[in-house]
Amino acid sequence: MGTEVATVQVKTIYQTMYARMGKQPWLEEWQETPWEVVYGGILVQNTSWRNVVPSLNSLKLNFNFNPKLILELSDEELQQNVRPSGFYTRKAAAIKNILQWAKGYDFSVLRIQNLTSSQLRAELLALHGVGPETADYVMMYAFEHAGFIADKYSRRLFERMGCPLPKGYEAAKKMVEKELDLTSEQWKNFHAMIVNDGKKRAEENGHYV
Numbered sequence: 001m002g003t004e005v006a007t008v009q010v011k012t013i014y015q016t017m018y019a020r021m022g023k024q025p026w027l028e029e030w031q032e033t034p035w036e037v038v039y040g041g042i043l044v045q046n047t048s049w050r051n052v053v054p055s056l057n058s059l060k061l062n063f064n065f066n067p068k069l070i071l072e073l074s075d076e077e078l079q080q081n082v083r084p085s086g087f088y089t090r091k092a093a094a095i096k097n098i099l100q101w102a103k104g105y106d107f108s109v110l111r112i113q114n115l116t117s118s119q120l121r122a123e124l125l126a127l128h129g130v131g132p133e134t135a136d137y138v139m140m141y142a143f144e145h146a147g148f149i150a151d152k153y154s155r156r157l158f159e160r161m162g163c164p165l166p167k168g169y170e171a172a173k174k175m176v177e178k179e180l181d182l183t184s185e186q187w188k189n190f191h192a193m194i195v196n197d198g199k200k201r202a203e204e205n206g207h208y209v
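Position 109, counted from 1, in the sequence shown is what UniProt numbering calls 109; the numbers after and before it change by one each time, with no gaps.
Just so you know, the hints here were simulated from the structure itself, not pulled from any lab data. Errors might be hidden in some of the hints.
With beta-carbon atoms standing in for the labels, derived distance ranges [what the hints assert, rightly or not]:
{"#": "1", "residue 1": "170", "residue 2": "46", "range": "33 to 43 Å"}
{"#": "2", "residue 1": "75", "residue 2": "196", "range": "27 to 37 Å"}
{"#": "3", "residue 1": "9", "residue 2": "205", "range": "22 to 32 Å"}
{"#": "4", "residue 1": "110", "residue 2": "199", "range": "30 to 40 Å"}
{"#": "5", "residue 1": "167", "residue 2": "114", "range": "28 to 38 Å"}
{"#": "6", "residue 1": "75", "residue 2": "11", "range": "40 to 50 Å"}
{"#": "7", "residue 1": "89", "residue 2": "64", "range": "22 to 32 Å"}
{"#": "8", "residue 1": "9", "residue 2": "196", "range": "32 to 42 Å"}
Using 30 Å as the maximum straight-line C-alpha spacing, the simulated DSS-like pairs for lysine-lysine come out as follows [to be verified]:
{"#": "9", "residue 1": "96", "residue 2": "152"}
{"#": "10", "residue 1": "173", "residue 2": "200"}
{"#": "11", "residue 1": "200", "residue 2": "23"}
{"#": "12", "residue 1": "60", "residue 2": "152"}
{"#": "13", "residue 1": "152", "residue 2": "178"}
{"#": "14", "residue 1": "96", "residue 2": "173"}
{"#": "15", "residue 1": "174", "residue 2": "200"}
All of these numbers come straight from a predicted model, not from anything done at the bench. Yeah, the Cβ is synthetic: ideal placement off N, Cα and C, and Gly gets one too.
Working from the sequences, and respecting the hints, build out all of it.
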């Protein structure tokens, strides 16, 4: 019985959000290459997106987001380019780690996309500096392996709408994915709706994220 109730609640949350917000342009408005998404997914850790933008602009202006060129940078050079995002030493190292991994696939987005979701996620999570939330974000928006991202915005939304998520990240992800059968584009849009709703509410309360 508990599962049936959860199913109704999760589906209702998705349907309610879509009826209110519809399709969100979000990433389609700005992303120029999947690598931009990869860098952004790492740089946004523990900071706001407005602090990420200068770093992305620097990586675009100086290297056109080219993963091979960026991997060849010295640690100090990369750190200087991503400094505006904060925690720049750790984030530069994480970018190097994910690019070194991608080098094993000749930096081919298509080859990476052709991995199974389970293999891709396992390989990303094995990289130092890439946690579950970052891995799922990169998988969905850079490599077309979509699913639920159990971030802080999702937790706040689900709790507010009467369906609090389990405490653990993997448990929350599993619960929602079990109850929703969405296409890749629908998963992307669901996450975009959740994040945009959360940001709007935060700004209305005087908190900028």
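Between the beta carbons of residue 9 and residue 196, is the distance compatible with 32 to 42 Å? 21 Å, violated
With 30 to 40 Å as the target window, see if residue 110 and residue 199 comply at their CB atoms. Given range 30 to 40 Å: holds, Cβ gap about 32 Å.
For a C-alpha distance cap of 30 Å, please report whether residue 96 and residue 152 respect it. Given that 30 Å is the threshold and the Cα spacing comes to 26 Å, the pair holds.
Is 28 to 38 Å a correct range for the gap between the Cβ atoms of residue 167 and residue 114? 34 Å, holds
Is 22 to 32 Å a correct range for the gap between the Cβ atoms of residue 9 and residue 205? Taking Cβ atoms as reference, residue 9 and residue 205 lie about 25 Å apart, which means the hint holds.
Given hint residue 23 paired with residue 200 - CA-CA distance at most 30 Å: 16 Å, holds
Regarding the pair residue 173 and residue 200, is the alpha-carbon distance no greater than 30 Å? With Cα atoms ~23 Å apart, residue 173 and residue 200 stay inside 30 Å; holds.
Just to be sure I understand the hint, the distance between the Cβ atoms of residue 75 and residue 11 should be within 40 to 50 Å; is that true here? With Cβ atoms ~47 Å apart, the hint holds.
Is the hinted range of 22 to 32 Å satisfied by the C-beta distance from residue 89 to residue 64? 24 Å, holds
Could you say whether the range 33 to 43 Å given as a hint is met by the Cβ separation of residue 170 and residue 46? At 20 Å between Cβs, range violated.
Sort out whether residue 178 lies within 30 Å of residue 152, counting only the CA atoms. Between residue 152 and residue 178 the Cα gap is close to 20 Å, so the pair holds against 30 Å.
Does residue 200 sit within 30 Å of residue 174, going by the straight-line distance between their CA atoms? Holds, at roughly 27 Å.
Comparing the model with each earlier hint shows violations of hints 1, 8; every other hint is respected.
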